[in-house]
Amino acid sequence: MDSAPASAARRQARALPELRLHLGALEHNVHLMADWCRARRLELCPHIKTTMTRPVVERQLTAGAWGVTVATARQAGIALGWGVRRILIANQVVHPTDLALLRQHLDATPDLELYCLVDSEAGLRHGREAFKGAGNPLRMLVDVGVPGGRTGVRGASEAYELGAAVAKPGDGLRLAGVAGYEGVRPNRRDAGTLAAVDDHCRTTADAFASLAPLYQTPRPVFSMGGSAFPDRVADFAADLAHRAPDRPLIPVLRSGCYVTHDHGTYAQVSPLPGLRPALTVRAAVLSAPEPGTVVVGAGKRELPYDAGLPVLLAAYMATGTPRPVAQATAAQIYDHHLVLTDAQGLDVGDVVDLGISHPCSAFDRWPDIAVTDDSGDVRDVWHPRFHP
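Residue numbers (the UniProt record's numbering): 1 to 388.
Calculated directly from the structure, the hints in this document are not laboratory data. Please note: incorrect hints may appear among the correct ones.
[Said to hold, decoys possible] Here are the simulated SDA-like pairs of lysine to any residue, each with C-alpha atoms no more than 20 Å apart in a straight line:
(1) Lys49 - Ala39
(2) Lys132 - Arg150
(3) Lys49 - Ala108
(4) Lys132 - Gln104
(5) Lys132 - Val84
(6) Lys49 - Val311
(7) Lys49 - Ala307
(8) Lys132 - Ala73
(9) Lys49 - Tyr334
(10) Lys300 - Lys168
(11) Lys300 - Arg323
(12) Lys168 - Gly133
(13) Lys49 - His337
(14) Lys49 - Trp66
(15) Lys132 - Ala108
(16) Lys300 - His358
(17) Lys49 - Tyr305
(18) Lys300 - His336
(19) Lys49 - Ala209
(20) Lys49 - His336
(21) Lys132 - Glu121
(22) Lys49 - Gly64
(23) Lys168 - Ala134
(24) Lys300 - Pro55
(25) Lys49 - Val84
(26) Lys300 - Val311
(27) Lys300 - Asp364
(28) Lys168 - Glu121
(29) Lys300 - Leu99
(30) Lys300 - Thr341
(31) Lys168 - Ala195
(32) Lys168 - Ala209
(33) Lys132 - Pro110
(34) Lys49 - Thr341
(35) Lys300 - Asp368
(36) Lys49 - Val371
(37) Lys168 - Gly135
(38) Lys168 - Ala108
(39) Lys49 - Ser361
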């Protein structure tokens, strides 16, 4: 076993700032979510845009994931290169180059199941042109949105009309199900937000049920996403299966942020007990320009800030000795600086560990991730891949 001085020395030997991933916490989250979904008869198709890191994705698949979710045609190509053979693009694909890339993947990989969303006749027309005569079809999910939200038809009747148009024979497309995204609602669990989430889930489920006679795959997909309200999705998927026990369906959950969890927005809203935050950013204290103020050497280029500023978790002297009484509050963020106020017990040259909010905005900032063990020592380095 490593001695304390050796561990402290290893802490100080690495260049800062640094994104750190606690492997034990990540693997715990992978298995917790897999077990949670199995208990509710949900298929998990994790949204890997969160990490785009192959060792993370491989662990999710090994734990039983039905496939993976991505956001773009390029991300689909990366997942395919990692050996994934069931990919759901939770987005519209309408650009000719992107559609041509998807057709190329399907033509070259006969066992590939590829899904994407559609919310308009125009988008459907682009897909038809690209997949005319295709042997391995593109599976399409009618996208149901919310008023004032982002993509998606705005009601069950529109979903039926579009689904009927998708289901017309004679091209390389297949009507394979319906998708929604309840996470467009604020990440809060107050009564009003939960009612809005439930309303969207209900509309999406009604759209799925209305299209039952038209599906062109043996088991159509009912898919919802997001890591804030998976319990509401589970309830509506169960109700949908109960309403029509003889109708085969695949209830697919697209949650992604659960895999690392966080110290911010998902720590406050996730309904899954036991998830552990796995990501931190380690950085140095660069300056103490005023009493009670310190400046840390990590900013917008290194830290997520779209869903809240980081929180101070721990601090160490330059020698690696812990500073147990250190405290401070993140107040302002710049490109490469984070200003902490109400600071106590911190000095220039100290090292701090910061907990982050919203992991989707963390991985794309870093070419390298330091993978740590329970003692905090770095055991491996992983590399996110967001571009081919």
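Against the structure, the hints:
{"no.": "1", "hint": "Lys49 - Ala39", "verdict": "violated, 25 Å"}
{"no.": "2", "hint": "Lys132 - Arg150", "verdict": "violated, 29 Å"}
{"no.": "3", "hint": "Lys49 - Ala108", "verdict": "violated, 24 Å"}
{"no.": "4", "hint": "Lys132 - Gln104", "verdict": "holds, 13 Å"}
{"no.": "5", "hint": "Lys132 - Val84", "verdict": "violated, 25 Å"}
{"no.": "6", "hint": "Lys49 - Val311", "verdict": "violated, 24 Å"}
{"no.": "7", "hint": "Lys49 - Ala307", "verdict": "holds, 17 Å"}
{"no.": "8", "hint": "Lys132 - Ala73", "verdict": "holds, 19 Å"}
{"no.": "9", "hint": "Lys49 - Tyr334", "verdict": "violated, 25 Å"}
{"no.": "10", "hint": "Lys300 - Lys168", "verdict": "violated, 48 Å"}
{"no.": "11", "hint": "Lys300 - Arg323", "verdict": "violated, 26 Å"}
{"no.": "12", "hint": "Lys168 - Gly133", "verdict": "holds, 14 Å"}
{"no.": "13", "hint": "Lys49 - His337", "verdict": "violated, 26 Å"}
{"no.": "14", "hint": "Lys49 - Trp66", "verdict": "holds, 16 Å"}
{"no.": "15", "hint": "Lys132 - Ala108", "verdict": "holds, 16 Å"}
{"no.": "16", "hint": "Lys300 - His358", "verdict": "holds, 13 Å"}
{"no.": "17", "hint": "Lys49 - Tyr305", "verdict": "holds, 17 Å"}
{"no.": "18", "hint": "Lys300 - His336", "verdict": "holds, 6 Å"}
{"no.": "19", "hint": "Lys49 - Ala209", "verdict": "violated, 29 Å"}
{"no.": "20", "hint": "Lys49 - His336", "verdict": "violated, 24 Å"}
{"no.": "21", "hint": "Lys132 - Glu121", "verdict": "holds, 16 Å"}
{"no.": "22", "hint": "Lys49 - Gly64", "verdict": "holds, 18 Å"}
{"no.": "23", "hint": "Lys168 - Ala134", "verdict": "holds, 15 Å"}
{"no.": "24", "hint": "Lys300 - Pro55", "verdict": "violated, 26 Å"}
{"no.": "25", "hint": "Lys49 - Val84", "verdict": "holds, 14 Å"}
{"no.": "26", "hint": "Lys300 - Val311", "verdict": "holds, 14 Å"}
{"no.": "27", "hint": "Lys300 - Asp364", "verdict": "holds, 12 Å"}
{"no.": "28", "hint": "Lys168 - Glu121", "verdict": "holds, 12 Å"}
{"no.": "29", "hint": "Lys300 - Leu99", "verdict": "violated, 34 Å"}
{"no.": "30", "hint": "Lys300 - Thr341", "verdict": "holds, 18 Å"}
{"no.": "31", "hint": "Lys168 - Ala195", "verdict": "violated, 35 Å"}
{"no.": "32", "hint": "Lys168 - Ala209", "verdict": "holds, 18 Å"}
{"no.": "33", "hint": "Lys132 - Pro110", "verdict": "holds, 17 Å"}
{"no.": "34", "hint": "Lys49 - Thr341", "verdict": "violated, 33 Å"}
{"no.": "35", "hint": "Lys300 - Asp368", "verdict": "holds, 17 Å"}
{"no.": "36", "hint": "Lys49 - Val371", "verdict": "holds, 19 Å"}
{"no.": "37", "hint": "Lys168 - Gly135", "verdict": "holds, 16 Å"}
{"no.": "38", "hint": "Lys168 - Ala108", "verdict": "violated, 25 Å"}
{"no.": "39", "hint": "Lys49 - Ser361", "verdict": "holds, 10 Å"}
Hint compliance for this structure: hints 1, 2, 3, 5, 6, 9, 10, 11, 13, 19, 20, 24, 29, 31, 34, 38 are broken, all remaining hints hold.
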